[in-house]
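Engineer: Listed here are the chains, written in short residue letters.
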Amino acid sequence: MASDYAWLVPALPAAATAVIFFFGKRMPKQGAEVGIVAIALALALSVAVAVEVFSANVRAVALFEFAHTVVEEATGGGIQLQMPPGMETYVNERAVVLARFDGESGFQAGTRVDGLVAMMFLLVTFVSATVQVYSTGYMRGDPRYTWFFALLSLFTASMLLLVVANNLMMLLVGWELVGLCSYLLIGFWWEDKRNSDAAIKAFLTTKLGDVGLLVGVIALWAQFRTFHIGDLIDAVAAGQAAFGPLDEGLLTFSLVALFLGCVGKSAQFPLHTWLPDAMAGPTPVSALIHAATMVTAGVFLIARLYPLFQASAPALTVIAVVGAVTLFGAGLLATVEDDVKRVLAYSTVSQLGYMVAALAFSYTAGIFHLFTHGFFKALLFLGAGSLIHATHSNNMSDMGGLRKAMPVTFWTFLAGSLALMAIPPLAGFWSKDEILASALQHGGPTGSLVLVLGVLGSMLTAFYMTRALYLVFAGSYRGEGHPHESPPTMAWPLVALAVPAVGIGFVNLPFPAFHPTGFAAWTAFDLSHFVGHAATFVRTLAFGTTLLALAGIWLGRTLYRGAPAPERDPMLRLGAVSRVLVNRYYLDALYHNLIVRPLRDTVAAAAYWLNDHVIDRIVYLAGVSTARVADVTYAYGDQKGIDGAVNGVGVSANWTGGLVKFVQSGNVQLYAGAMFTGVVVLAIAFAAA
Amino acid sequence: MWEKLAITATVFLPLAGAGVMALIPKAKEESAKAVAVVVSLAALLLSLAILAGYDWGSRGLAFEVDVGWIEAIGARYHVGIDGISLPLFVLSYLLTFLCAVYTFQHLEEPGNPRAFLALMLLLQTGMAGTFIAFDLVLFFVFWELVLVPMYFMIGVWGGPQREYAAVKFFLYTLFGSVFMLVAFLALYFQSGERTFDIVRLAELGQAGQFAGTFGRLAFLGVFLGFAIKVPMWPFHTWLPDAHTEAPTVGSVLLAGILLKMGTYGFVRVALPILPEGALAFAPIIAVLAVVAILYGALCCLAQSDLKRLIAFSSVGHMGFVMLGIATLTPTGINAAIFGMVAHGVITGMLFFVAGSVKERYHTRTIGDIGGGMLQVMPRMGSVLGFVAIASLGLPGLAGFWGEVFALLAAFNPAQSLVDAGYLPLFRTLMVLGAVGTVLTAGYFLWMIQRVMMGHAPDRWRDQPLADVSAIEWGSWTPLLVLIFALGLLPFLVFGVTNPDVTAAVSSTFGS
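Line by line, the protein sequences are chains D and H. If you read the first sequence in our numbering, its first letter stands for residue 757, the second for the next number, and so on. If you read the second sequence in our numbering, its first letter stands for residue 79, the second for the next number, and so on.
It should be emphasised that the hints constitute simulated quantities derived from the structure, not laboratory data. Mixed in with the good hints there might be a few duds.
Sample of chain D residues at the chain H side, in silico, Cβ under 10 Å [what the hints assert, rightly or not]:
#  : residue
1  : Leu964
2  : Gly968
3  : Trp977
4  : Ala1321
5  : Glu1323
6  : Val1336
7  : Val1352
8  : Asp1357
9  : Val1359
10 : Tyr1376
By construction, the Cβ of each residue, glycine as well, lies at the ideal position given by its N, Cα and C atoms.
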């Protein structure tokens, strides 16, 4: 019922965008109220959708398990269970056809609501609501306050469009629009060139990934002749392409290409370099776009097309490896940063790596971490914004001792940090444990890789967050002025986000009794898969990773208890290791010096030189030399003969020739020469034919 | 009555208006602007009446008239309109009207609105006529008619290098038209029934009348004519000069409509009449198209002149259009027509803004503007930014659909091309074209950064630069709305084009 109106969820903030844009400045709260009301309504509708979809899915799971038991009892477990017809997870599709090319292609606008979408609705609208309330405080007094709120609403609408789209073309529209909003918001303070540089870098890096996405979408269309997500899933399940059997090679190609789009958008190695720079944007933007929602679009896309990815083992291997490398490599980078937002940015990259890697093994593990991470990372960023608001600096070296001065920020930041460190029973513990357990269960080379790097990564996470906590909150204040707690408009969103950061993990407790009614059931897309993969809770693994996380905390505490100044930061005194990390593996320099600069300064200049000095030169010389020929031709009166032969040309020639003479008589010869040459060439050619 | 007169009246009304211009005395030459607005508005309304009377979803010619004209050579006055012509036909009237409005804001030296606007109306007749002519002689007359007023617009009202640019434009285009004309004549003789009728020739062509070497040579002839007009790489070098020197209105119409005459020619004449030649040339056209996309983007990165940058961006955008055409599929050609319309709206708009920027700053050099346009002229800067982003192909705006479906078609070209073993080539080209979209985004964002962002140099802050004026809003708003409308409701174009494109293409090339 509510999900019939799912289109309203993106439409509300979209309408808000238009209202704020055109009328916001004349409103009492300069447009912020419109955005907040719209997102509150969208949140309420999302809750209604979630209740409907989640409960329908729980019923479906229960029914399925019942049927499963009956069949097993009747056959003694002797036959493989076939999914009974009509027994499926909840999907609500609505669409209008926008255009159709006869028999070839067409596109429609439609919504496809299932458990995954309902979950994303909840996450996006909730975080967006808290961020917008928070921004009324954080952005107060900014000259482009109204524009900021218009963009937040536009972003939210685009993100929700991406989420709810029932076809890949529409998804692509949302995908690019969130990229545009990201660009505009990173460069929000465009007076400073560093900000606009970061904005361009973000847009172009993700756009490079989008080449893959576009190729992938089109390659899927080439094989299945549809953009429609539901049809794609059905076709792959049936092993049937549009004209014959499924071509697995082409499918893998499509999916790896699609994944390249995810690599760009979800900041996976080696296209992750834009995300830390994107911290140039206002901090609420970092929380909403560059932590909780937009950067998870890539993860979402894999989950959305999960049945396709399941059909391609090579694609899943690529995903696992890229995710594993990212989660560990980015975690290391977070250990040497001084800018608190950049620490969190690398942490985001690392956690996105966890999600991506998880999807190689388990749908639920990947999206569950997406869900929990959205809350606690948004919390951490808004906390960082609160710190920056108070100290007027992004650098932890300018902070210190803020625990007393900013109690709300401290306690909520601590809660978010512990959730991120995966300390039980906070949200991050349950979701990260599910990832590691699924990797363990999967086994094999990729499973082992993700497991080992994932376990080490959780120690790394604990270490860099402990470092940040001590540098910010312990010791004495090193910055300027007298920092104090942020206003209630900023403090309350922190509290609102701290609640799920602490408790949301309980929606998916990994115990058999809880499993069929929890998160895994809510978001299930495939019942048979669901039953085959019962809840996994590996006590030794959970215990071991927790111990490692505690070891990370202990190490961080030992090294940073005194909140040392940057020149005495132990992580910066490791010689070559520190150098490599501080220079971010030299990737930025590599891209800039090997791709951007040569292309922009050398190749482009060379192309333009070629244009002026070769191509255009040939045109010029051809013109001049035909003029010479024409002089001779005129002298001997040859032209008449040809003119007689091709009368039409002659008429036109005299007529236009007269016009040319009118302004620039010297060029008549040039023209006549060109005519002459052309006609002769063609006359000979046709005679030969 | 209306059925028979609609096209003729709509096409020749501007010509009559140009005649009226001549009657305006010198002392009252300012009133020419009002006359031009009235005439072009009347013509626009007539074209909209044709649009309203057009049966969407139908195929074949509407408002058709076919009467004898030059009996001696069998040339006929055969005009009509179908889904392929209609979008471009209406767009030409819209842009001309908006140009007439814009002339109230600004007209380059040496002024003389009577002559300028008379030429503009003459140009309108030529442009619109090209899109409705179904006789090759008539087509050619309209085609050439366009050259003259544009030549004078550039040559008289243009920038410092105007004479060179005007002559180059004129001669280069004419050079191509000569080959085209010879090909037309060859078709006339080869047809066996001495006809110039495009519909009839297409029937003959699809029946195999123009096969073999003849077909290829004839295709080469029309190819040169159209490719120079588009312009395709490497025949494009007249374009940056013409655009840079042309007055604002000239640039808008040149980019908005004139370039489309070339691509339209491919769809209307070259492909249907010479299918065999088209098949042989399609891979070459596709390669040249993708070269244009990448090369145009690279040249844009190297530009320091705002208008020249936009001109080179046209080379790239027309590359996408030609790539769509070269696939010989309904999808590709639908995309191409969408791309033509979108490019007309977006790039027309970009040239309007570039003209207004030049009017304020008295320079188009990006370095001299020096950034910070958003500080000194926030509205102008926002409009420029918006249109630039539309031009880089952002989904949800007009520029997207033409590009994405051209790429889609390039991944799946016509079956006859696949059978000929060109599938790997086309798929490679598709990926390269997609990479071109990144470069396109790159130069536009870099332009936005250098022109709009940062702090404005003191020299601009000290003097008041007037932000977008009421007249400018008047002439721009329809285009800004269209950029949104075409982006959100792509069927506005696809709905009209698809029936005729499918009829014209899939029967010829398979899909």
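Engineer: What are the numbers of the hints the structure violates, in ascending order?
Structural biologist: 4, 5 and 6
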